[in-house]
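Engineer: Residue numbers (the numbering used here), protein chains in the order written: chain A, 1 to 183; chain E, 1001 to 1455.
Some hints here could point you the wrong way.
Claimed, not checked - Subject to a maximum C-alpha distance of 25 Å in a straight line, what follows is the list of computed DSS-like cross-link-like pairs (lysine-lysine): (1) E/1162 - E/1303; (2) E/1134 - A/44; (3) A/44 - A/58; (4) A/183 - E/1213; (5) E/1133 - A/44; (6) A/183 - A/58.
Hints in this document: simulated from the structure, not taken from any laboratory.
Note that this is a predicted model, so its numbers are computed, not measured.
Spelled out, the chains give:
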Amino acid sequence: MKKMKHKKIILISVLIAIGIDFLYAESMQGPDLGHAITPEEIAKWDISVFPDGEGLPKGEGSVAQGEKIYQQKCIACHGENGLGSTADQLAGAQMSLDSEYPEQTIGSYWPYATTVFDVVRRSMPMTAPGSLSNDEVYSVTAYLLYLNHLIGKDDVMNASTLPKVVMPNVDGFINIYEEEQSK
Amino acid sequence: MTKDRVNDQVLEENQVAGNGLLDRRLFLKKGLQFGAITTLATSTTLATAKSETPKTEINPADLPWMKTPGEPFSIYGMPSKHEDDVVRYPSPNQVVPGNGVSWTPLHKMEGTITPNGLHYERHHNGVPQIDPKKHRLLIHGLVKNDLTFSIDDLLRYPMQSKICFIECGGNSNAGWNKLPAQAEAGYFNGMVSCSEWTGVPLSVLLDEVGLRKKAKWIIAEGADAFAMQMSIPIEKALDDAFLALYQNGERIRPENGYPLRLIVPGWEGVLNVKWLRRLKVTNRPVMARNETSKYTELQASGKARIFTFPIEAKSLITSPSAHMLLKEKGLYQITGLAWSGRGKVSKVEVSADAGKTWAEAELQEPVLDRSLTRFRLPWHWNGKQSVIMSRVTDETGYEQPERNKLVKERGRKGFFHYNAITRWQVDTDGFVSHVYEKDETQKDNSDISIDSDWD
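Work out the full structure: start from the sequences and follow the hints.
Structural biologist: This is the structure in structure tokens:
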């Protein structure tokens, strides 16, 4: 009997919630002015790359090629061997994450290798973002992963190999939003 | 009775906490009491020493601007030239000048609304100069209809206004340093600003594109040179997120996202994506650079907190505050700001004896949800060294922590989400500086400065 009452309360609450939602949506009806867009057009906009590799383009790059590009376009801010300068240290972490002066590099901190490709393609180099070809982005990504001892010197990065690179700190994060939602 | 004895009696009758904190209604009382106590310090006695014109030259009864016609009308008003020190403080990257922040001068401001020209900035690669006629918003992904909208389209949509603060997750990050920062209050706490934002509820547009069942996250992307992207849970997007076109009644300034900014009330600033050009509906977060390698908080354990969206309650005395000078003992108004990303401020307490005793401050109405809230309390400074501080409690019952407690809980390597109590010390000469709690275990004074690390 008690359970029944409980269910009723829940049902009523849900109905009230739906009612409010409905009223809200009704009062804020949009004029439906959106323009349709084709998948081909969307592909030109969509540059988001996910940890499982979704969004990675065709092409590939090598460590050697990446080193050349790094020396030309990245070293000024990120320093030799990715050790950092006026911009983030990207490699060569000596101090662990639980030490007094932790070094948060790609190898020590970043949870996903795909994020390297994503940010290099969309944001780097800062003086000419979006200027690197997909092959060049794969190459720079490969070089940075190599500097962090995550891939070998002869490994090639592409849409199938990059998502498979396992990052040491992938389990180093506590999802606070999820924790709060489940409370 | 001598004036001094009246003062003593009034102070005794009105004291509500140690070291001269007075009844918050004192300023509302008329007559004897108000007049008896040494006159309220004006902004001049409080200000950092400014060069003053010699008194002999001033005759306030006979001033030149009443003798000639004034300036003509202007098409866009500017502040008085005498207020040219009320400015943002930019702190850019040495090599990439468009990467960095500029701080709102909270210590020079009153009220709760931030003028548009003083709203704090955090850019990753400069302010794009967007032509609104060429700008489009694309909504795609797990939706029934992928759609684009022009700015003119969006201007025809039903709008809502909300006054709310935006605070950068990295605000006050100097607080993690071992030594207290000695900049003016706003120049290390002023990555928080408050505006009336007006725009289209995101739910209205999501209704038009038609969410698919698997939709759980929305990835928002800006049209700046960094192409900033951040993932936002769909619950928040449907709850109260909106696409702002206006800020304090005028179109959003370029440095704050013109022509379109995503507003995510109460959540950390970086999610309020400026120059919004794309919303991708997905079933998972993208794990962008700025939600993994940045805007996550490394704990002492070596594990990092991720997706720490709401801004926890925080308050700060803006006057008197660091670098100000109290020229004489007497009656002052303690004033400051309090806010919470989880709702309304329910109370602000102030202490003038380093936390031994507290008194509740007057909150300026209206107290709004996830907005800056102004608090004030009269204080009689007796000329002795004093530590003043404020702490807020929000409507969830959460109380702003002392720095020691926060550091004990989170360590000092988190960089983001610093919300501890700030202590200002008034010295016997009236100079105000920033101090920490005394009992902190401090092995040495060496430290790596982290407050300018904006990459």
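Engineer: Compare the structure with each hint and give your call.
Structural biologist: Hints, one by one, checked against the model:
At roughly 36 Å between alpha-carbon atoms, residue 1162 of chain E and residue 1303 of chain E are farther apart than 25 Å, so this suggested pair is violated. A C-alpha spacing of about 16 Å is found between residue 1134 of chain E and residue 44 of chain A, which places the hinted pair at or below 25 Å, so the restraint holds. About 14 Å separates the Cα atoms of residue 44 of chain A and residue 58 of chain A, which keeps this hinted pair within 25 Å; it holds. A threshold of 25 Å between alpha carbons decides the hint, and for residue 183 of chain A with residue 1213 of chain E the separation of about 23 Å falls inside it, so the pair holds.
This hinted pair checks out: residue 1133 of chain E and residue 44 of chain A have alpha carbons roughly 19 Å apart, not beyond 25 Å. Proximity of residue 183 of chain A to residue 58 of chain A is assessed by CA-CA distance (about 42 Å); at most 25 Å being required, the pair is judged violated.
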